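Protein sequence lines correspond, in order, to chains A and B. First residue of the first sequence: 1, per our numbering; consecutive thereafter. First residue of the second sequence: 334, per our numbering; consecutive thereafter.
Think of the hints as simulated: they come from the structure by calculation, not from any bench. If you're wondering where the values come from, they're calculated on a predicted model, not measured in any experiment. Don't be surprised by glycine CBs; every beta carbon is placed ideally from N, CA and C.
What follows is a set of in silico ranges between Cβ atoms, one per label pair, in the way DEER data are often shown: (1) A:V114 - B:A662: 33 to 43 Å; (2) A:L36 - B:Q567: 53 to 63 Å; (3) A:G179 - B:G664: 56 to 66 Å; (4) A:I155 - B:Q452: 49 to 59 Å.
Calculated lysine-lysine pairs in the DSBU-like style (CA-CA distance at most 30 Å, straight line): (5) A:K225 - B:K473; (6) B:K473 - A:K226; (7) A:K225 - B:K650; (8) B:K473 - B:K639; (9) A:K225 - B:K673; (10) A:K225 - B:K639; (11) B:K523 - B:K496; (12) B:K694 - A:K226; (13) B:K694 - A:K225; (14) B:K694 - B:K613; (15) B:K613 - B:K583; (16) A:K226 - B:K705; (17) B:K673 - A:K226; (18) B:K463 - B:K603; (19) B:K719 - A:K20; (20) A:K226 - B:K650; (21) B:K535 - B:K489; (22) B:K463 - B:K510; (23) B:K390 - A:K20; (24) A:K20 - B:K705; (25) B:K603 - A:K225; (26) B:K603 - A:K226; (27) B:K673 - B:K694; (28) B:K639 - A:K226; (29) B:K463 - B:K825; (30) B:K603 - B:K473.
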Amino acid sequence: MITEKVHTSTDKQPFSTRTKRFIQRTLRMRESAIFLALLGIMLVITIVAPQFATSGNIYRVSRQISFVAIAALGVFTVILTGGIDLSLGSIIGISGVISGLCMASGMHYLLAIVIGLITGCAVGTINGLLVSYVGITPFIVTLGMLSVARGSIWIITKGWPVENIDDRILALGQGDAFGIPLPVIIMVIVSIIVHFFLRSTVFGRRVYAIGGNEEATRLSGIDVKKIKCLVYTISGLMAAITGIMLVARFNSAQTSSGDGWELDAIAAAVIGGASLQGGAGSVVGVLIGAAIMGVIRNGLVLMKVSAYWQTAIMGLIIILAAVIDRIKNRKVS
Amino acid sequence: MMAEFLIEMRQISKQFPGVRALRDVDFSIKKGEIVCLLGENGAGKSTLMKILTGVYKQDCGSIYYEGEEIHLTGPRDAYERGINIIFQEFNLCSNLSAMENLFLGNENRTKEGFFSFTQTRKKAKELFEKLHIDIEPDIKVSQLNVARQQMVEIAKALAYDTKVLIMDEPTSALTSKEITTLFSIMRTLKERGVAIIFISHKLEEVLEVTDRIVVLRDGENCGNVITSDATKNQLVSLMVGREIHNFFTKRTQAPSDEILLEVKGICGNKIKKASFNIKKGEIVGFAGLVGSGRSALARLIIGAEKKSEGTILMDGKELIIRHPKDAIAAGIAYLPEDRKNMGLVLPMTVRENTTMCIHRKLQRLFGLISNKDEYDITDHYIDELKIKVFSREQIVETLSGGNQQKIVIAKALAVTPRLLILCEPTRGIDVGAKAEVHNIIATLADQDISIIVVSSELQEIFNLADRILVMHEGAITADIPIGEANQEVVMKAAIGAV
Ligand SMILES: Nc1ncnc2c1ncn2[C@@H]1O[C@H](COP(=O)(O)OP(=O)(O)OP(=O)(O)O)[C@@H](O)[C@H]1O
Ligand SMILES: [Mg+2]
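With the sequences and hints as input, model every part of the structure.
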């Protein structure tokens with residue numbers, strides 16, 4: 001070790017080295033790499049299908065991305081602890097339907113929204129309790145919940161979509177401000193909150209620590225079970241936000257709302273650099289991951305690729321992302 | 334013509350982001366030679382050995398093997414050439430059994446190509462017997478304590494034909510009994526012509542078992558001495574670049590008469606009705622053989638494991654501890670023996686690890702963490718323990734072994750506890766730093782903090798403790814004031830002969 005001083009803390013160094021370090025660090029960051037990938041993909045799509053770059057299309061794509069991104073941020077929090085939430089798609093559906101039914105029955109729209117959010121939190125908490133305190137693996141618990149929640153939607157609605165949604169909430173899914181879709185603005189606000197929550201609070205620190213080494217975290221006097229339970233509550237809450245926004249978007253609560261969304265949400269997190277082992281990943285990465293998923297989906301439609309192919313291609317992209325991640329990790333060690 | 338050296342490394346340099354780990358280092362070893370690689374924490378020993386085993390690639394310099402230059406493509410390549418390493422940090426799969434770990438990557442198969450349990454078990458038994466290791470081949474590694482895991486690591490490295498054996502601090506978790514066994518194994522291998530590179534911070538061992546000593550300081554060569562000519566003081570000054578005198582810890586104050594903690598008949602996890610007490614400002618050393626239950630007892634006290642019976646009193650009042658968080662709330666800090674699995678969150682930063690136990694203290698409105706306090710505390714311990722880092726944001730995984738251990742110490746000290754439970758606190762720490770850590774412990778005791786030290790190194794306990802408790806098969810068999818303690822008395826109690 002040839003450093004001049006042994007204990008150099010960053011803030012004592014001259015400005016220029018600090019700037020250089022900062023730039024180097026930024027370039028080394030995983031987020032920069034996937035951001036470049038996103039730009040590359042957008043470029044290719046624009047060349048093949050020029051209508052991609054029209055303002056109307058960008059408007060629609062960004063709105064679609066926001067819905068997925070918010071749900072992805074929830075499951076990302078779970079993934080950080082080394083868990084997984086497969087039930088988020090069904091939670092999207094059930095919280096939308098419950099809050100839709102409340103509105104249809106004439107309840108005040110704000111109360112209906114709150115009840116929808118509580119529904120998501122409640123279902124998430126049940127997942128969390130089963131994972132943490134009963135000790136069942138997250139995969140099984142949430143796989144079961146996926147079915148239970150979706151089934152409940154059908155039981156409650158008998159398969160009919162819920163109409164008569166309060167007009168005042170429609171803006172949440174359809175409106176815009178300064179030319180930017182409201183869902184995008186909501187996504188930005190939620191992302192900022194989640195980012196600070198994970199990076200600057202005790203709770204967030206502990207979430208990362210559990211994913212890094214659960215036993216060491218427990219021995220440090222941290223209530224691991226409580227935190228592992230709460231991340232599912234958060235995932236449920238995020239899914240519920242998405243669910244309600246989707247109700248607003250379509251002016252009705254569809255029974256199939258959120259069906260299969262766990263794929264996009266988990267993929268967004270993984271493409272964005274979250275490790276399924278836990279402990280690694282960032283909010284910015286997840287947002288870029290969600291954007292990549294959304295842009296590719298949209299591009300395939302514009303390029304008139306058949307729906308069958310689309311599904312297969314999206315699956316391939318997820319596997320590809322995982323493979324690239326693996327190779328990158330191998331190089332480092 | 335036979336080359337003079339089996340391995341020759343010339344002018345090796347290695348740069349990591351932020352640190353120059355090695356600069357123009359030469360190193361060589363002959364057949365049948367035992368060479369010690371000596372140096373302070375972070376001097377570059379492990380890095381040099383990782384280059385020799387293909388884990389890292391050197392930036393410049395070359396490696397000659399039997400006189401020919403080789404370019405290692407990876408660990409597998411080195412291994413196939415007969416270069417085998419026991420890493421400083423354990424690399425066992427804890428979900429597999431001991432025997433499965435022994436032959437990992439080289440499984441014994443039946444004719445049909447299936448994994449052969451019978452054959453593996455037989456071979457494992459033979460190997461363990463040859464090495465005088467008392468471990469069931471079928472036991473899961475996660476159920477073994479650090480010392481036993483270390484023995485499995487050693488056995489694993491010896492399971493194949495080896496030409497060069499590298500041992501990165503193999504003895505740091507072992508008690509003298511296992512160390513003796515290990516040394517006799519090393520001598521047998523030496524007679525068979527195996528070249529052994531031995532890394533250790535325990536100078537007595539180094540002087541006892543090696544032929545030659547190569548010293549590194551700050552990533553550069555700074556000495557190459559024949560062991561029979563070397564003295565302890567000479568080695569220390571080569572390593573540190575100055576002389577260290579105060580190896581012995583001085584207490585300025587005797588422990589008070591007030592009892593802080595009273596443990597009454599606790600049972601559970603191998604522990605049979607253990608009772609003892611500790612006074613304010615007292616240092617109690619726990620001695621015993623590997624597996625005698627010293628760390629298990631510590632885990633029961635801090636609530637890491639459930640106790641089936643017994644009570645703990647603090648200041649005369651009963652203390653209910655169900656989870657490590659209760660222990661911390663009561664002012665009991667715990668330093669676990671296994672830093673990699675129980676002490677550190679490796680992918681997190683120095684700062685985040687140091688303050689792991691004191692989130693409550695750092696917490697402000699909305700659960701936000703106070704940056705300033707966190708920086709101050711981290712910097713304070715980096716300074717006090719002289720932890721070699723290039724920034725407090727360095728990822729702990731990239732620190733040298735000894736510096737990782739210092740982070741675990743910092744983490745426990747940051748609690749500012751009333752009772753400090755230390756399991757193998759100086760594992761992997763160099764001579765100079767060890768004396769400093771001992772001084773810190775003595776100073777804390779002078780400030781009326783009570784300290785429990787569990788150590789497999791008797792000398793460490795003799796050096797620090799006011800009183801020694803000896804354990805044997807889960808029970809406390811002797812309580813010896815330091816004035817009456819000597820090696821013999823302690824060992825007798827440790828094997829249950831009192
Ligand atoms: N992967 C890495 N990335 C960055 N720095 C590293 C990495 N590995 C080692 N270092 C740095 O290189 C230096 C030498 O480390 P090394 O592990 O070789 O020390 P060592 O001599 O084995 O010390 P110890 O006695 O504590 O085990 C240290 O300052 C360490 O922080
Ligand atoms: Mg080392």
